[in-house]
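**Q** Read off the chains here:
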Amino acid sequence: MSRRTIEVELSTSGLDAQGRPQRVPLVTNDGGTAVAVEPPPGVEPDLEGEHMLINLGPQHPATHGVLRLVLELDGETVVRCIPHIGYLHCGFEKIGEYRQYNQIICWTDREDYLNSIGNNVAFALGAERLFGIEITERCKVLRVIASELSRIMSHLVWLGTFCIDIGAFTPFLWAFQRREEIYRLIEKWVGARLTTSATRVGGMAADIPSGWMDGLRQFNRTFPHTLDEIDRVLTRNAIWVGRTVGLGVMTPDEAINWGLSGPMLRASGVDYDVRKDFPYLDYETYDFEVPVGTNGDVYDRYLVRFEELRQSVRILQQAADRLPDGPVNIDDPRIILPPKSKATSEMESMIHHFKVVMEGPRPPIGESYVAVESPKGEKGYYMVSDGTAKPVRWRIRPPSFVNLAAIPKMVEGHLLSDVIAINASIDIVMGEIDR
Amino acid sequence: MSRFEVVRTGASASDSIPVTQKNVSHRKEPPNPSAAALQRQFSSAIKRVEVIWGETVIYVDAASVKQIIRWLHDDQSQRYDFLSDVTAVEYRDAEVPIEVVWHLRSLPFRRFLRIKAQLPKGTSLEIDSVYDIYRSADWLERECYDMFGIRFNGHPDLRRLLMWESYKEGYPLRKDFPLRGRFSRSEQLRQALAQNPEARYSMEELTIADAFAELPEDMRQRLNKGERTGE
Amino acid sequence: MGLTAPAEHRTVSYIPESQEGWALTRLDFLVNWARANSLWPMPFGTACCAIEFMATAASDFDLARFGMERMSFSPRQADVLICAGRVPFKLAPIIRRIWQQMPQPKWCISMGACASTGGMFDNYAVVQGIDTIIPVDVYVPGCPPRPEGLIYGIRMLQEKVKNERAADKGTRDEMEPDPSSQLYIPPSVIDELGEPFGNSVNQTRSAQ
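Chains as they are written, first to last, in the numbering used here: chain G, 1 to 435; chain W, 436 to 666; chain V, 667 to 874.
Note that these hints are calculated values from the structure, not bench results. Do not take every clue at face value.
Only pairs whose alpha carbons sit at most 30 Å apart, straight line, appear in this in silico DSSO-like list of lysine-lysine [to be verified]:
#	chain 1	residue 1	chain 2	residue 2
1	W	457	G	355
2	G	276	W	482
3	W	457	W	551
4	V	835	V	772
5	G	188	G	342
6	W	482	W	463
7	W	556	W	610
8	W	463	G	409
9	W	610	G	355
10	G	276	W	463
11	W	501	W	463
12	W	610	W	482
13	W	463	W	551
14	W	610	G	276
15	W	482	W	556
Just the calculated beta-carbon pair ranges, DEER-fashion [as the list claims (entries may be wrong)]:
#	chain 1	residue 1	chain 2	residue 2	range
16	V	726	W	483	52 to 58 Å
17	V	725	W	455	37 to 43 Å
18	G	222	V	814	22 to 28 Å
19	V	838	G	415	38 to 44 Å
20	G	169	W	589	46 to 52 Å
21	G	388	V	837	39 to 45 Å
22	W	479	G	212	55 to 61 Å
23	W	455	G	206	21 to 27 Å
C-beta atoms are modelled at their ideal positions from N, C-alpha and C, and glycine is treated no differently.
Just chain G, same shape as in the assembly:
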């Protein structure tokens, strides 16, 4: 009986000069090479030349939200990618024109929902610039703590979902367990886990309760161990390196021209961090470094975000040590609610309370744009005021929107499974992209 199978083995070790896995021809056991033979033209028309158009999303486990990518494939290689967005467009900017400034803070949580408290801070900074008020020192430090906690939360979600996309499930569970700790801290402070609405124009919604700092210090002590654990599992892992190195490369000039910001830009070797270049909340007085990558590929973006996690812990420790006493809110009852004890005992305070709640604080005519460094990139709220309590225009400058626009450039020439890795490395939040 003739043999139905032949034994084959690799003709070489299967690794290239840098030690990465490589496609090599198979050798049959009688010495010949087993190769795929191209069928003569016309016999197998399906194998010839035609490109395939496939649709990825909008409902897909790995697109990080409702993103739709239409891919033109030549076999498994992507020739062209056309992204479609708008599946989460909820009219944030339109609603902002019908809400008072303090009410808009609730919407800023839902827009980039991984960085909700960071968005609250960004909006409050923009509104305070528009009103022309300076916040208290305690409020500044609390906002730095809030921003860095939110950066850690966002990067942990990114890390978890990025790992799942590449195939590693366990770091997702570790990351989310750490996030639960931060959720508990934030819940003790503000009352909500995810949609915090923590800031108000002129201050914060609430001051930290007593004993909260111990919780933060405890987190600072234990979090680096988790980072070390994830580092051990991923950073020098052959599968991880093989799947992420060399993908989606953007050179620095391209990255700047395409408007990338945040870790995407820094991984390409451009040293732009809003906290260092256009500082806010006294970030120049904190001692931290900004990681900058060299190759602009997916692996470097991973390394940059990972290092940002460590730097955030550093900032948190410094902020926890320097938190000054004093009031959290400014002392202007026309802008922010007076303390409840005064509002219930003094007539003017009650009237101020009424006016701030019913009418809302009114800024002078003008406009402002304050950019902050959100975990995704340069985030800013551009507000135009005509003197009334509701803005004329509330524009959200979404970093992931501009970062995602570069995806057709990044995935050309890569394989289909690399599209998922590259998409995950951009760290998109559809809520922010579509608003």
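Here the structure of chain G is known, so what remains is to put chains W and V in place on it, guided by the hints.
**A** Leaving out everything else, chains W and V in the frame of chain G:
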């Protein structure tokens, strides 16, 4: 895979360490040095320079916007290499024109500039696209078109981005567009369910998929004439 | 004039006890127990609620206790569509199609305020409740609901599943209402009913 040199931002800035701005005055902060340079270079096209809360706002003539932005990008003393945002503002007052706003950043000099051009309401809202200067303008301008109806001349693919391509209610961020839309909820739902998500391919996609050949003849002709799905 | 049912409508008299014997009851119990404890969710996660859903599925609030750790992103293999997050009009045909692709038996949990009623997004872009598009079994309020809240909703769904009866023929029906039936409301009447009520049109006038 090449190794890049790290590009240091602020490399050409005079003061080395930026600090948080404090006690910014409403209108009395000094303007960005680029304002003076622009007024020297394009004296007639620059209509007004204002400094509001420390940010320099330059009102320019709508016809020369692209020339000005290209000069800001190319000139070695300005080097505004980063386009942060392109958006539009419509005021509640019917007399005030719609403003198209560009936010530019110079990373080497650590500067921020806002350029505005005014388009009177009632005219066709058209302005030049800066797509060939900054690639980031691609989606930013598409979104501006989608929300305001401003056409950007020179943009290669000006389609709706956030709403679906056959959206009929209008341009959402205009002030005459009510918050809850023009149609009733059930009509909106009916129209939304009537869109066939797979049919909304762009010209590019249709040519890839060879589905162009299967479209009805009149639709092919309309697409060839440049009709865009999405008004 | 009184409301009299026209003669051609057939009335169904349904007395559960008379329909089922002992064996059928035991079979119902077994099938429902199996279904309720192994609901494979199809997480149609769009926004913030999706993050809370992921947190519920992660270690601290483990969904695997309820047999739901196997997320099925293909609707063909899913039992429960958990719509977590706001659904804009552009996404409406997608969720409708996903629902139609799911095979019976299927249920739907509308997680969060935005999926249930449109939430805080009462504007031109958001569907005011996915129950205008697909039939919903359990609504979980919250913005976003705490993981405990979502688990409560899932338990409620499990109770609902356990109370189903095979003899009840209408449970798994998926037809559109017949235009000649009493359930059908013509679009013009729906339009009237769908207008904003009360002060909701003038909500913007409350403050200058």
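**Q** Need the status of pair residue 501/W, residue 463/W: alpha-carbon distance at most 30 Å?
**A** holds, 29 Å
**Q** Are residue 610/W and residue 355/G close enough, with their CA atoms no more than 30 Å apart?
**A** Roughly 26 Å between the alpha carbons, so the hint for residue 610/W and residue 355/G holds.
**Q** Hint says 46 to 52 Å; check whether the CB-CB distance for residue 169/G and residue 589/W agrees.
**A** holds, 47 Å
**Q** Within 30 Å, alpha carbon to alpha carbon, are residue 457/W and residue 355/G?
**A** It holds: about 28 Å lies between the C-alpha atoms, which stays within 30 Å.
**Q** Checking one constraint from the list: CA of residue 610/W to CA of residue 276/G, max 30 Å. Satisfied?
**A** Violated, because 38 Å separates the two Cα atoms, which is more than 30 Å.
**Q** Just tell me: holds or violated, for the beta carbon distance of residue 726/V and residue 483/W against 52 to 58 Å?
**A** Hint holds: Cβ distance 57 Å, inside 52 to 58 Å.
**Q** Assuming the hint says 38 to 44 Å, is it satisfied by the Cβ distance from residue 838/V to residue 415/G or not?
**A** The hint (38 to 44 Å, Cβ to Cβ) holds, given that residue 838/V and residue 415/G are roughly 42 Å apart.
**Q** Would you check the hint for residue 457/W and residue 551/W, treating anything up to 30 Å between C-alpha atoms as holding?
**A** holds, 26 Å
**Q** Between residue 222/G and residue 814/V, does the C-beta distance stay in 22 to 28 Å?
**A** Holds, at about 24 Å.
**Q** Is the distance from the Cβ of residue 388/G to the Cβ of residue 837/V consistent with 39 to 45 Å?
**A** For residue 837/V against residue 388/G, whose Cβ atoms are near 54 Å apart, the range 39 to 45 Å is violated.
**Q** Can the suggested window of 55 to 61 Å be confirmed for the beta-carbon pair residue 479/W and residue 212/G?
**A** About 59 Å separates the Cβ atoms of residue 479/W and residue 212/G, which means 55 to 61 Å holds.
**Q** Quick one, are residue 463/W and residue 409/G close enough, alpha carbons at most 30 Å?
**A** violated, 43 Å
When each numbered hint is compared with the structure, violations occur for hints 2, 8, 14, 21.
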